[in-house]
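**Q** Letter by letter, the chains look like this.
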Amino acid sequence: MSTSHLEKLNLQTLGLRAINSQLNTSDVTPGSKWEITEPQGQHAIACGLQANIKVDIRGHVGFYCAGMNEQADVTVHGHAGVGIAENMMSGQVRVTGNASQAAGATAHGGLLVIEGDASSRCGISMKGINIVVGGSVGHMSAFMAQSGNLVVCGDAGEALGDSIYEARLFVRGNVENLGADCIEKPMTDEHIKTVDGLLKKAGIDANAKEFKRYGSARQLYNFDIDNADAY
Amino acid sequence: MCGIVGLYLKNEALRPKLGELFAPMLSEMRSRGPDSAGVAIYRNSVAESETKYSLAHDSSDYDWKAVDTGIESTFECEARIAQIDTHAILVTTLAESDLRGWITEHHPEVRLVGSGQSLEIFKEVGLPDDVYRRFSLKEAEGSHMIGHTRMATESAVTTAGSHPFATGSDLCLVHNGSLSNHNRLREQLQKAGLHFQTENDTEVAAAYMTWKLRQGLSLHDALEGAIDDLDGFYTFCVGTGDGFAVLRDPIACKHAVMAETDDWVAMATEFRSIATLPDSNNANIWEPKPATVYTWGGTGEVEH
Chain A
1 MSTSHLEKLN
11 LQTLGLRAIN
21 SQLNTSDVTP
31 GSKWEITEPQ
41 GQHAIACGLQ
51 ANIKVDIRGH
61 VGFYCAGMNE
71 QADVTVHGHA
81 GVGIAENMMS
91 GQVRVTGNAS
101 QAAGATAHGG
111 LLVIEGDASS
121 RCGISMKGIN
131 IVVGGSVGHM
141 SAFMAQSGNL
151 VVCGDAGEAL
161 GDSIYEARLF
171 VRGNVENLGA
181 DCIEKPMTDE
191 HIKTVDGLLK
201 KAGIDANAKE
211 FKRYGSARQL
221 YNFDIDNADA
231 Y
Chain B
232 MCGIVGLYLK
242 NEALRPKLGE
252 LFAPMLSEMR
262 SRGPDSAGVA
272 IYRNSVAESE
282 TKYSLAHDSS
292 DYDWKAVDTG
302 IESTFECEAR
312 IAQIDTHAIL
322 VTTLAESDLR
332 GWITEHHPEV
342 RLVGSGQSLE
352 IFKEVGLPDD
362 VYRRFSLKEA
372 EGSHMIGHTR
382 MATESAVTTA
392 GSHPFATGSD
402 LCLVHNGSLS
412 NHNRLREQLQ
422 KAGLHFQTEN
432 DTEVAAAYMT
442 WKLRQGLSLH
452 DALEGAIDDL
462 DGFYTFCVGT
472 GDGFAVLRDP
482 IACKHAVMAE
492 TDDWVAMATE
502 FRSIATLPDS
512 NNANIWEPKP
522 ATVYTWGGTG
532 EVEH
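Those sequence lines, one after another, are chains A and B. The opening position of the first sequence corresponds to residue 1 in the numbering used here, with each subsequent residue numbered one higher. The opening position of the second sequence corresponds to residue 232 in the numbering used here, with each subsequent residue numbered one higher.
Hints are computed from structural coordinates only; laboratory data are not their basis. There's no promise every hint is true.
[To be verified] Among the chain A residues that face chain B by a calculated CB cut under 10 Å, a handful are:
(1) Q40
(2) H43
(3) D56
(4) G59
(5) N98
(6) Q101
(7) G154
(8) E158
(9) G203
[Stated by the list, open to error] Pairs of lysine to aspartate or glutamate residues, derived as DMTMM-like cross-links and limited to a Cα-Cα distance of at most 20 Å, are as follows:
(10) B/K520 to A/E158
(11) B/K520 to A/E176
(12) A/K8 to A/E38
[Stated by the list, open to error] Ranges between beta-carbon positions, derived for each pair:
(13) A/L14 to B/D493: 29 to 35 Å
(14) B/A423 to A/K209: 53 to 59 Å
(15) B/D459 to A/E70: 45 to 51 Å
(16) A/E70 to B/R364: 42 to 48 Å
The beta-carbon is built from N, C-alpha and C at its ideal position, and this holds for glycine as well.
The whole structure should be built from the sequences, with the hints applied where relevant.
**A** Next comes the structure, spelled out in structure tokens:
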């Protein structure tokens with residue numbers, strides 16, 4: 001198949017398993033373009049992709065869409081349910097609408113762009129992914145976040161970055177409150193450059209200088225009896 | 232588990248198709264709740280002087296005519312009754328307290344499962360498609376419906392333990408989740424004079440709402456009170472005379488999604504239940520926030 005060819009896959013006709021199998025075959029052409037129509041909110045669409053292919057999903061998806069993604073570029077033209085791009089390793093996942101909770105959970109790499117709002121627990125336990133949210137994120141976002149960057153153009157809900165490790169959080173709007181061991185840190189030129197680069201990569205128009213940075217105070221790394229209340 | 236769904240038709244032209252539009256919404260939630268299913272439908276409003284009661288019995292052969300004639304002769308009031316499988320819809324001028332007392336005395340095996348001007352409640356053990364078929368709901372016309380598919384966790388798989396649970400006139404509740412303080416709260420509510428038919432946690436939430444509404448609180452304020460007084464996991468959908476309300480607990484682990492177009496407003500545990508509605512691709516879709524009361528009052532946008 002040539003890379004300019006667009007292969008259309010109707011989920012209602014072909015079924016989820018057939019589509020995911022087709023996108024996962026070892027001989028799928030790198031650079032090939034695919035379009036999934038009528039997703040109807042089904043779960044685990046375009047899951048476990050391992051090749052550098054482009055997948056456009058025309059409509060709203062259910063849970064765990066594009067989970068475990070490696071290399072592929074997946075766009076959901078609509079709303080995404082729980083756990084979009086969970087455990088992504090590399091590649092890019094974009095949601096043009098809003099996303100439900102646990103977007104980008106435990107993901108190791110790649111870029112997740114949510115053009116609308118993300119619900120609670122966005123970037124929970126993130127391990128190296130970059131997440132850019134055009135709108136706001138819900139409560140408990142970046143809970144136990146280990147590494148990577150979370151850029152939020154809107155507001156953040158309660159307990160942002162609770163028990164955070166070394167992930168970097170950038171929020172332009174209001175933060176309702178910070179979780180245990182998460183503190184505001186100074187924005188250096190290096191951080192402004194990082195945020196600017198991620199916004200450009202995500203195609204979101206915002207001024208990197210307007211963001212504040214949050215990260216770990218590193219007080220919960222080791223057990224300390226004086227911190228008992230915070231554990 | 233469990234699945235909950237709600238649909239309000241803003242466009243009156245769609246109302247003859249309410250049952251048909253709602254059928255796939257409920258059916259899609261069968262994998263989340265294969266034990267029992269139930270719906271509340273708002274249709275055929277009765278005269279102001281009358282009340283519509285939803286009654287249920289274990290058998291589909293029950294002699295409902297005896298209930299009808301018994302009420303008429305005892306209270307010298309008008310009553311008409313229509314049987315639908317194991318349920319019956321009774322319309323009468325009799326007050327709820329009088330009806331409840333009379334049923335307890337003369338037909339203790341009959342359960343009063345709902346009351347109001349337009350509310351009708353149907354619920355049974357079994358898969359949602361089968362339950363829906365038993366009550367001929369696909370052909371139903373009306374303004375709005377809420378529904379529940381149950382995977383039982385807190386109490387037995389019985390019709391009495393199925394949702395929706397009535398909470399007052401034209402009000403009922405469906406619940407996804409499990410409450411952790413329902414035993415203590417049940418005792419408190421029993422002391423306040425509320426009666427319980429099951430060991431079910433959701434029945435306690437419904438009784439709590441009934442209690443708050445009897446004190447004169449608005450639906451919104453009663454739900455705000457629930458945030459403080461109910462402990463556990465929940466996403467509630469509350470059916471009202473002119474719409475529905477949605478509330479999630481402050482942790483908000485139990486899934487919920489809402490969607491709205493010019494023609495309808497819907498909520499569901501998962502979006503796949505909403506996907507079958509007309510023009511759902513162009514709907515405004517969002518996840519309701521924790522500890523936030525959302526109400527649809529029949530006019531304007533969803534409020535929260």
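**Q** For every hint, state whether the structure bears it out.
**A** Results for each hint:
The interface hint given for A/Q40 is met, as the beta carbon of that residue sits about 4 Å from the closest beta carbon of chain B, less than 10 Å. The beta carbon of A/H43 comes within 8 Å of a beta carbon in chain B, closer than 10 Å, and the hint placing it at the interface holds. For A/D56, the suggested interface contact is broken, since its CB lies about 14 Å from the closest CB of chain B, more than 10 Å. Hint status for A/G59: holds, given a least beta-carbon distance of 5 Å to chain B, under 10 Å.
Annotation: interface hint on A/N98 holds; nearest CB of chain B at approximately 5 Å, less than 10 Å. Interface restraint check for A/Q101: the shortest CB-CB distance to chain B comes to about 7 Å, inside 10 Å, so the restraint holds. Interface restraint check for A/G154: the shortest CB-CB distance to chain B comes to about 13 Å, outside 10 Å, so the restraint is violated. For A/E158, the interface hint holds, since its Cβ comes within 10 Å of a Cβ in chain B; the closest pair sits about 9 Å apart.
Violation of the interface hint for A/G203 is found here, the shortest Cβ-Cβ separation to chain B being roughly 21 Å, above the 10 Å cut-off. Straight-line distance between C-alpha atoms of B/K520 and A/E158 comes to about 11 Å, which keeps the hinted pair within the 20 Å bound. For the suggested pair B/K520 and A/E176, the alpha carbons sit about 14 Å apart, so the restraint of at most 20 Å is met. Only pairs whose Cα atoms come within 20 Å are accepted, and A/K8 paired with A/E38 is accepted, the gap being roughly 11 Å.
Take A/L14 and B/D493: their Cβ atoms lie about 32 Å apart, and the range 29 to 35 Å holds. Between B/A423 and A/K209, the C-beta spacing of about 58 Å keeps the proposed range 53 to 59 Å intact. For B/D459 paired with A/E70, a C-beta distance near 46 Å keeps the hint of 45 to 51 Å intact. Between A/E70 and B/R364 the beta carbons are some 45 Å apart, a value that agrees with the proposed interval 42 to 48 Å.
Going through the hint list in order, the structure does not satisfy hints 3, 7 and 9.
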